[in-house]
Structures are given as C-alpha cells and as structure tokens.
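There are 2 protein chains.
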Amino acid sequence: MSQKLTREYLNEILEAIKIRDDDASQLMLESLHPADIAEIYDELSIEEATYLYMLLDPEKASDVLVELEENDREKFLNSLPSEVIASQFIDHMESDDAADVIGDLDEEKKQEVLLHIDDVEQAGDIVDLLGYNEDTAGGLMAKELIRVNENWGVATCIREMRKQAEDLDEIYYIYVVNNENLLIGILSLKALLLASASTKVHDIYSDDIRSVQTEASSEAVAQIMEKYDLVVLPVTDSIGRLVGRITIDDVVDVIREEAERDYQLASGITADVETTDSPARLSRARLPWLIIGLLGGIIVAAVIGRFENDIQINPEMAFFIPLIAAMAGNVGIQSSAIIVQGIASNSLGLESTAKKLSKEFLVALLNGLILSGLLFLYNFFFSDNLALTFTVSASLFVVIIFAALFGTLIPLLLNRVKIDPALATGPFITTMNDIMGLFIYFLMGRILYGIFI
Amino acid sequence: MSQKLTREYLNEILEAIKIRDDDASQLMLESLHPADIAEIYDELSIEEATYLYMLLDPEKASDVLVELEENDREKFLNSLPSEVIASQFIDHMESDDAADVIGDLDEEKKQEVLLHIDDVEQAGDIVDLLGYNEDTAGGLMAKELIRVNENWGVATCIREMRKQAEDLDEIYYIYVVNNENLLIGILSLKALLLASASTKVHDIYSDDIRSVQTEASSEAVAQIMEKYDLVVLPVTDSIGRLVGRITIDDVVDVIREEAERDYQLASGITADVETTDSPARLSRARLPWLIIGLLGGIIVAAVIGRFENDIQINPEMAFFIPLIAAMAGNVGIQSSAIIVQGIASNSLGLESTAKKLSKEFLVALLNGLILSGLLFLYNFFFSDNLALTFTVSASLFVVIIFAALFGTLIPLLLNRVKIDPALATGPFITTMNDIMGLFIYFLMGRILYGIFI
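From first to last, the protein sequence lines are chains A and B.
Residue numbers for the first sequence follow this note's numbering, beginning at 1 and rising by one.
Residue numbers for the second sequence follow this note's numbering, beginning at 1 and rising by one.
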C-alpha cells in the first residue's frame, strides 16, 4: 500500500537524504507516489536532488520528473548531460510527457537530447509533437494508442493489442481505423470482452465517436471532454487520419489552469504566478493593473476637481465618495463575473443579449431600490442634512443601474470583438464605474442641493 | 457519426417537434448526443418535452435526464407518475445517477419511485447511496464495478467480469478483493490482456492502489484524483471493504464548480447562480455582499466625517479619496487571490506564514515605491500644491504596504480558524482596506499640511 506524505515522514526522508543513508532513503522513497516525491524536491538542493534521482529506478525517476514544476525541471535538467536525459528519463516516458520535457530545454540541448534517443520511432513521435502549439489538441495529445483495423477478427485484434499495449500505461479504448488509417470508430473493452473469438471488429465497433483535429484549442478540447464526459479523446489530422489521443488527466490541468487564470485576471494579476515565485516576478505580474488603477484614480481626481466649489461649500459631500465608488465597483463586478464565467464554460445558453440586459436591469432595479432605501433610512434618522440624504440615495440608485448594465455589456462586447472577457472584470471595470459613478453623484448633488437649499 | 448541434439544426428540430412530426424529430434526435438533447430542453414547454421524451428510446431518455439541470429535471419529473419514472428512467441508469435523480424528488415521491423499481438489488444500491452526504465520496460514488477475488484464475476472472460488465457503461479497472471483501489491489486490463489463461489473479494484480473512505469530502476526492492523475478511484467503508468507485467525469464537475464558486465568492456573489436563474434569485445571491459594502461605506463616511474641517479648508484632499480607496482595494485583492487559490488547490507548499508575509512585504515595498513615485511625478508637474503632492504619495505608499499585508494575513487567519478563505477576497477585504486606507490618508494630510503650510 502507498504511504501518505506527512510532515513527519517528509522530515525523516530529508534527514536520510542529508546524511546519504542509501538504504533508508531508498526504502522510504519506494513507498511514495511520484507526485509526492516531486513535492519533496522543493526542499532539496541540486546535489541532494541528483542523489535522490540516482536512488530511484529509471521508470519512477521519469514519472517524478514529469510531476516537477517547469522551472525546477529546467534547472535540474540543465545540470545533467544530454545522454543521461535521453537514456535515463525520456526513454521511459510516454510521447506527450517526453515532448513537454524536451520542449522546455533550450534549442541546442533539445537537439542533443533528441539525437541521443535510441528508439527512432519514439524520437520521431517526439519531433512530431514538438511541431504543435502547446495550447492545441496536438500539443496535448500522446501518440501511443491502441489501433485496430475494422477487418480484423477479435483474435487478431487481441494479438495486435498485446503488441501495442507495451508502450502504454493504461488502455481505456481501442480505436478502429479503415485501410486508409481514417478513424471510423471505437471498440470498447467491454464489447471485446463480451465477443467470441471469431467475431470481426466491424461487427462490434461503435461509430458513435467524437474526435478533434490537431489544431483545436485546448479550451475546446476541455469543453468537449467535459460536456460529453469523455476519458479519452482521439485526435485526427485535417483529413481524418488518427494521429493521437488526449487523456482526461491532462485536460483536468487545462480546466484548473483556465479557472485560476480567470480568477487571477479578475483580481488584477496578469501572468500565471504561484506563491513560490520571486518578489520581482510577483511585482511585475501585478503592476500593470495597479498602474491602470492609478491612472483611473488620477482621472477620477480630475472629475471631482470640477466640483471643488461644491465640496468647499458642502464638505459632507466628500464623506460618501468611497461608498458610491465602492458600490459602483461591486455591482459592476458581480454582473460581469456571471457573464465572464458563462463565456468561459460556454454555458451562456442561447438567450439573446437583449434578454440578458433586461434581466440585469431588473436585478439592478430591485437591488438599487433596496440598497438606496436602506441608505435613505440611515441618513434620514442619523443625519440632519436633507439635501445630502436625497443626493446620496438617488445617485446610489442610478449608479447601481448603470454599473450593472456596464458590467454585463462590456464582457459581451469584448467577447464579440475577440478580446478575452476575463480582462474586463478586473480593476478596469471598477475604474470605469468609479468615474461614471462619481460624476453622477456630484452632478446629482449640484441639482438636488439647488432644490433643497 | 454524431451530428453537431448548430443553431440551424436546433431550429429544424424545434420546428419538427412543434408540428409533432414524429419521423423527422426521431431521426434528428437519434443523431444527437444526450448532452446536446439536454440543451434543446431549455427551449421547450413541458408538453413538448414530454413528447420529445416519448420519442427517445428509454436508454437515451435516461441519459438525457441525467444531463438536465436540477431545476428543469425536478419540474419535468413532477409531471410524471412514479411508475413511469421507475421503469422508464431509473431502470436504465447507473446507481450514482439514479441516486442523484431520486434524491432531488420530494420525500413522498421518492418513496413511491423506490417501491416501483423492479430490480431489488438496484433499489438497495440506490437506498444505500441516498444515505450519504452529497458532498462526500459516498455521495459521488456509483456501486457498479468489476470486482474479482485474488484467488481466482484469469479464466474465472474473465467469465465473472462478463457477468458483472452488463451493469456497466465502461470498464476502466478491475478491483481485487480478498475473501473478506477487503480491497487489496487493482488489476489493469493491460495485465489481464497480457496474462495467460492459467495465471492466478494474485500473481498479476498490483497492490499500489489509492482509495478513499465514504466520508471523505468531495474536495479531498478531487485533490487526490488530480494529484495522482486517476481516472477512477475506489471507495471503501471504514474497515476497508470495497463499496463503490468514483469516475473522473463526476469529479471534473466538482473541480469546475469549486473554481466557479471561489470566483463568484471573490466577486461578491454568495450562492451558486447561473445566467438563466430568475431575477429574484440573482438579486438574493448578490444582496448580502452589497449590504456589507453599504455598511462599510457608511463606516467610511463616519471616518471621513472626523476630518470635515480639513476638507472644508483643503477641498482638494477629496479629489484623491477614490484613488486611495481603489488602490487599497486592488492591492489587497491581488495579495489575497494568490493565497486563496493556493489554499483551494492545496499548493501553498510548506513555506511558513512568516516567509509569505515577508515576501508580500517585499512585493508591496517595490510596487509602493514605483506607484507612489509615479503619482508624485504627476502631481509635482501638474499640481501646484506641494502639501497635497506629498500627502497623496506618502499615504499611497503606506496604504499599499498595509493592504498587501492584510490581504495575505486575513485569508490565512480565516483558514486557520476553519472559515472558507474564499469569503475574504470579496467586498469584505475591500471595505476593510478602504476604512484603513482613508484613515491613514487624512491623518497623513493633517500632519503634512501642518508641516507645509
């Protein structure tokens, strides 16, 4: 049974590694999953990591390498000669992992490693895969799969599958091709298991199969696999020949990364960063939005500047600036979040934009009435300034409606002109709503103070 | 081959359904995947939907039902007699889907449907599953699986598998149990395929297997399956007996929902809502945060109220209120987003809190220097008020550092006291930072104006 990685167990292993106790280290590492060993890596120096790798059998060492974070892997591989990378690691990987690992090396090292791979077929597969963009089906797929001809019998089929299965970690599906290698269907293991030996493949395969072409985007792949609950998705070239397959575990990463990226963008962070990144990198990822926010703040300052006299006469107007700005921002972000998410998960349905806008308008009307009502009650009882009371509540109501409509419309518009709508939710929309909201507030103040005084 | 669901195709089907053209409707529906038919459902009245269901063969109708959204499904099922639900739908579902569907019915209907299920074993499985909390491994799992005894030979194994496979859509793994039904390992189809008929199961199975207990949370299940790249995860009871298995497609939904929930919480939306929900429901989901924001705004107004005289004398102080408030909010949200995400995906690593805080402090120092520097340059050249120039830049610098530290600390503290940290990122943190930021700003203004004038 596998050992769970606890803090205590981790300390024991680190201790064994530090004093170079081969037997104890090896024994403890054997009980761990590659994904857990990859976690240990974070705590080791390059020398200790090299020592650890030499203790693992090559198969497991390769699995650990695949699980490492890109930066760590690059650093580690650069400390090793190309021959070792090719024979100790690449040789034991499936083609998609091998292509990912080699793709991260610099150009010269990449060529060296490729030349040192003994298995020409594997090297060829890797070169093919390196040709695809990382964010497409071609970049996600592996070349290893089980492929049977529709004209084979079940016995031939099983014989051929035994041969092909040696390259594979797991078999989930068997793909059926015709004589031109065009993908025509799928043979489930269940059907194969239930069939008699004399049956032909074309009598038991199913032609109800979904596939993608190599140039499909990784988001499209994720959407298809999620919608149709697929574990493996076959990939064809542009004329329909079977070239590879994508497994769900790689797509789970795409889904997670996409969701995290949207969340980070919405929080005003431009690049994919982790808590473990350097301060300089973290700072660079955050500055762009902060600078936009700063510019927005300067514009807002200029807008309020137009009302300097009003403020000097009625300084209490300034008290509610943050409330108006914050509510405009919050309402805008709420409205856009639902739309951005709907666009990302392709679940917006077939409702038209007009219908969405009118629904947001209704929600805003409802929320606006409740919130400005509450604020009115508060100011009515706790402030003796009737002009201020009316100004703040009336402008809050108008601002909520505008902010909701902007929040809905902007991501939809951005999506229409092919700009990533996740960008709209960040400080961008907040800043816009601040400017609009405070302009409405002070304008309303000038009008209502005129009436009440 | 499957037909893709385009807007044109959809209109054709809707037309055929509306004029009750049985043959055309049936032909078009046959070419569609259940997930696509579920999308059509949105556009139909209850009568049309019932008509559509009667055209589908029971197997496909059940698959479509599983794909429907919960609200729609409930409405549809309530229009049908219990006998029909049991014989037409439940009978063709795997136990986990059946339990989901029945679990949504009201208590009386639930009992009626259960009594009408002919297959006593299936009814028993469903009752067992209904006993688990929806958000645990027990609530996610299905009871159907392939189970072999370690003492069987490969031939017996294949014979037994044929029998068991009839209940299953797909076979991915074969689970190995001992005579006490304790889960002891896994038999891959590859190993079975490569073994000779006389081999015994205990010679070819692998004991390197991960499992969860029924009470494990669905988040824990998702983390394990994601980390170890699993397609199926077996579930045991508290003493290790095999009771079910969870497939990755159900967990992909958990991952997606979790990510969406965090994003919605960060955007100030409390419940799981979709664009298709009613305005009243959308309004209810958004109001709590808006009311918190409103209260925050009222407190901020009170804080600024303490500086009414300062504003009357120097009204230009009011111009930069939104800038200070917005920057405090943006910086706080950036810092907390990284931490919240790290907590959610369990990828915070083993870095200590002190180390994280000191890193955030460095990032804030860097960003603070750059941003307040830029603002200083702007005000220095475009404003002739030196006191204001120094006040705004100095307080921006201090505010950025405080906001970053709060943004890091608050989600970590909430997590420590077992409150969902995703809650911290919303308007809550923004409001707190507004109060703190503007207090610092006006205090600094009083001091610096005193020096400069």
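Derived from the structure by calculation, the hints contain no laboratory data.
Heads up, some of the hints might be wrong.
All copies of an identical chain are treated as equivalent in the list; a pair is satisfied when it fits inside any one copy or across any two copies.
Simulated crosslink set (SDA-like; lysine to any residue; CA at most 20 Å straight-line) [what the hints assert, rightly or not]: (1) Lys-227 with Asp-72; (2) Lys-355 with Leu-115; (3) Lys-75 with Glu-180; (4) Lys-60 with Ala-191; (5) Lys-227 with Thr-276; (6) Lys-359 with Arg-241; (7) Lys-418 with Pro-279; (8) Lys-355 with Pro-279; (9) Lys-190 with Ala-165.
Note that the structure is a prediction, hence the values are computed from the model and not measured.
Each hint tested on the structure:
1. Lys-227 with Asp-72: between (34 Å within a copy, 18 Å between copies)
2. Lys-355 with Leu-115: neither (60 Å within a copy, 43 Å between copies)
3. Lys-75 with Glu-180: The answer is neither: 44 Å in one copy and 49 Å across copies each exceed 20 Å.
4. Lys-60 with Ala-191: Result: close only across copies, 19 Å inter versus 33 Å intra.
5. Lys-227 with Thr-276: between (34 Å within a copy, 18 Å between copies)
6. Lys-359 with Arg-241: Result: close neither inside a copy nor across copies, 47 Å intra and 51 Å inter.
7. Lys-418 with Pro-279: neither (32 Å within a copy, 28 Å between copies)
8. Lys-355 with Pro-279: This pair counts as between: shortest inter-copy Cα distance 12 Å, intra-copy 45 Å.
9. Lys-190 with Ala-165: both (17 Å within a copy, 7 Å between copies)
Hint compliance for this structure: hints 2, 3, 6 and 7 are broken, all remaining hints hold.
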